[in-house]
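Student: Fit chain B to the supplied structure of chain A, relying on the hints for placement.
Protein chains: 2
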Amino acid sequence: MGKKTEFLYLSERDTIEAGVLDAKKCIDNAEEVFTLLSEGDYLMGGSNHNSHGLGLVFPKESPFPNMPVAGPDRRFVAMPAYLGGRFDVCGNKWYGSNAENPKKGLPRSVLTVTLNDKDTGEPLAFMSANLLSAARTGAVPGVAARHLARKDSEIVAVLGCGQINRSCLRSILTQLPQVKKIVCYDIFEAASEKFLSWAKEELGVDGEATSDLEAAVRGADVLTVAASRLKPLYVKDEWLKAGVTVLITGPMQTDTSFWTSTKLIYDNVRLHEAYVQEAIESGDKAGYYKGVIGGPIYTLIDEGKMPALKDSTSIGEVILGKKEGRTNDKERVTFVACGMATFDVGLGYDLYKTALKKGIGQKLILWDEPYQQ
Amino acid sequence: MGKKTEFLYLSERDTIEAGVLDAKKCIDNAEEVFTLLSEGDYLMGGSNHNSHGLGLVFPKESPFPNMPVAGPDRRFVAMPAYLGGRFDVCGNKWYGSNAENPKKGLPRSVLTVTLNDKDTGEPLAFMSANLLSAARTGAVPGVAARHLARKDSEIVAVLGCGQINRSCLRSILTQLPQVKKIVCYDIFEAASEKFLSWAKEELGVDGEATSDLEAAVRGADVLTVAASRLKPLYVKDEWLKAGVTVLITGPMQTDTSFWTSTKLIYDNVRLHEAYVQEAIESGDKAGYYKGVIGGPIYTLIDEGKMPALKDSTSIGEVILGKKEGRTNDKERVTFVACGMATFDVGLGYDLYKTALKKGIGQKLILWDEPYQQ
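Chains A and B are the protein sequences, given in the same order. Heads up: take any position in the first sequence, counting from 1, add 2, and you land on this note's numbering. Heads up: take any position in the second sequence, counting from 1, add 2, and you land on this note's numbering.
This is chain A alone, in the form it adopts within the complex (with noise of 0.2 angstroms):
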């Protein structure tokens, strides 16, 4: 006798019903999702279990004139991953991404995650993930911000003014309640200052947008980087003040002397392994450092002039109080994260739990019993 197979389909409503707006909750779930990933209870894809994911790199040109050609933000990538402890669940979060979305209507992305049982490969859930893969976006400088950032930090400085940074914010400004003031940059004028006016009426926050780089970073004790990748961010050095904290989701590009000074804590040390290690298969380095947020970093350390990757820090540690993290209010640390499949299946799976609970979302039958066995 075969087995029924059921899940549960959430679409983006039944995710915000599900809680996905949640920025605190969505915190503690990235938090605990740190603390597995210190521990290595967590498999994601390749013989490193560190893959980030597998995408459709898509040519420069082709012979095929329907054939999706490389463009601003436009690829297909699948994540997958088994996350630990009481989530105990495997998934894959799938996306494709393209800059002229907007013209269309729609998000630069459209996500979707898949979870399912880690023992049978049943899926559990199919549910719409942009708003959950900008939360855990979101999440994950939140928890640096509780961890590293200063408590009496005043003024954030928000570089680059889109809906990663909208989660972002969200998320940090539940970890600082000192907060006065943003400042908001952004390469295009008008995306900071609509970026201002959601921040004062959804988050109460007051501020100033500006298109002066330098303008913002000074003076600003957080800054949270997700600068579009179309135009390069480079912050100066000398912009960036004592006892700052610097939240990296998006590339940024500074001075040798900041990275050589700042206490760099990363959101987990394998990931960065699992990218060198790729960048020396790929056979061109160089190149493949260009497309990664840690580049910078990963050549510096090839040049002898960081710590190597195997004695550096991992969030998880500090998060357990196995390794330092910010000690003093002069330093500047800085907090670098990529983003991990892993994090979308703990928040995923948190939402599924919830929609069960609280009967949201719509139950589809796989199979009332298996046509072939």
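It should be emphasised that the hints constitute simulated quantities derived from the structure, not laboratory data. Fair warning: there could be bad hints in the mix.
If several chains are the same, the list does not tell them apart, and a pair holds so long as it fits within one copy or across any two.
[To be verified] Straight-line distance between alpha carbons at most 20 angstroms, and here's what the computed SDA-like set of lysine to any residue pairs gives: (1) K106 <-> M3; (2) K153 <-> L175; (3) K324 <-> R148; (4) K287 <-> N50; (5) K287 <-> G48; (6) K292 <-> S49; (7) K105 <-> D119; (8) K27 <-> K360; (9) K106 <-> Q375; (10) K6 <-> A101; (11) K365 <-> D16; (12) K105 <-> Y300; (13) K182 <-> K292; (14) K202 <-> V338; (15) K202 <-> Y373; (16) K105 <-> M3.
Tutor: Relative to the frame of chain A, chain B by itself:
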């Protein structure tokens, strides 16, 4: 104003209604995909555009009691692809496998396929893919039987009597009307007898069940090989008669003298080049070769005993008349297929289109309009 996004959900039953069991149609679909592959009008994962997929690799042992560990057929794999031609669509197959599943009334693997708009990334369909995957896997040797087997083939040896070979045989028989007899071999005699009963009933073909591999192979005009990976299958050169067609869907070992004397046709030479590249990058070439169907062949190529992959033939080129397939009734022709996400996307797309036309499946709303753009 945001754009509404809807997509179609197809349960296993829906995929049956949409025609997944129609072996002839599935072969036509796979044949079309093969021509696109040989023209290069597709993309799979990775910078080489030909990665088979990205899997969770379970460790042999783990300090975490809940973490899945390596076991028979135990894996999760994500397989993304873009397929061109009239399909012009992206998709991802995602599945988990576990040899323990049948004890729970489940198939060994549980599979789903997502199809996505190539430009926006929006999901078009999410579907149960167990039958889809079996059908496309079976259709591949069906295409090979159509183009490479002697039309007067009378005896088919079925090596490995599981679900995969059911699909293969169903497909092969649609192409070879002269077949009078099947010989079913499996290491488990009960499996071969069960297979024979099924074939009599569903396909109306008579034959015999045996646990004597030599007896099964000698006299066969066509071999369909899809045995479990649990025990290697060693087929001796001397058992394989002149004019035989060997259709390899699962691992087979044989004498070097067979490999070097048969005419070998690949499903897609580029895929095998990618396997060899990944083997080199893995740092354990020999170990990697052991895990893939083409391993014994790549070893002989590396030793200079067989022609290089770049000088080899893909079946798409035979279909298009660009290279020769079988040229006489005496030569022994072997076809090697490894499974590509392009076939899941191709067949999935036709099922989706049929379902749309016939009103099969369930429309699901991703969002009425996206919460964030």
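Student: Within a copy, between copies, both or neither: which one fits K6 and A101 at a CA-CA cutoff of 20 angstroms?
Tutor: For K6 and A101, the Cα distance is within 20 angstroms only across copies (18 angstroms; inside one copy 41 angstroms).
Student: For K105 and M3, with the copy left unspecified, which applies at a CA distance of at most 20 angstroms: within, between, both, or neither?
Tutor: Result: close only across copies, 10 angstroms inter versus 51 angstroms intra.
Student: Please work out whether the CA atoms of K292 and S49 approach to 20 angstroms or closer within one copy, between two copies, in both situations, or in neither?
Tutor: Between copies only: 15 angstroms across chains, 24 angstroms inside a chain, cut-off 20 angstroms.
Student: If the cutoff is 20 angstroms on CA atoms, where do K105 and D119 land: within, between, both or neither? Let me know, please.
Tutor: Classified as between: cross-chain Cα gap 16 angstroms, same-chain 38 angstroms, threshold 20 angstroms.
Student: Since the copies are identical, ignore which copy is meant and state whether K202 and V338 lie within 20 angstroms (CA to CA) inside a copy, between copies, both or neither.
Tutor: neither (27 angstroms within a copy, 62 angstroms between copies)
Student: Up to 20 angstroms between alpha-carbons, please classify K106 paired with M3: within, between, both or neither.
Tutor: Classified as between: cross-chain Cα gap 9 angstroms, same-chain 48 angstroms, threshold 20 angstroms.
Student: Are the CA atoms of K106 and Q375 at most 20 angstroms apart within a copy, between copies, both, or neither?
Tutor: between (44 angstroms within a copy, 10 angstroms between copies)
Student: Can you give me the call for K287 and G48, within, between, both or neither, at a CA distance of at most 20 angstroms?
Tutor: both (19 angstroms within a copy, 15 angstroms between copies)
Student: When no copy is named, should K324 and R148 be tagged within, between, both, or neither for a Cα gap of at most 20 angstroms?
Tutor: Within one copy only: 16 angstroms inside a chain, 64 angstroms across chains, cut-off 20 angstroms.
Student: Evaluate K287 and N50 at a C-alpha cut-off of 20 angstroms and name the case that applies: within, between, both or neither.
Tutor: both (18 angstroms within a copy, 16 angstroms between copies)
Student: Pop the pair K105 and Y300 into one bin, within, between, both or neither, using alpha-carbon distances up to 20 angstroms.
Tutor: neither (36 angstroms within a copy, 48 angstroms between copies)
Student: Measure nothing new, just compare the shortest in-copy and cross-copy C-alpha distances for K182 and K292 to 20 angstroms and report within, between, both or neither.
Tutor: neither (36 angstroms within a copy, 61 angstroms between copies)
In summary, the numbered hints that this structure violates are 12, 13 and 14.
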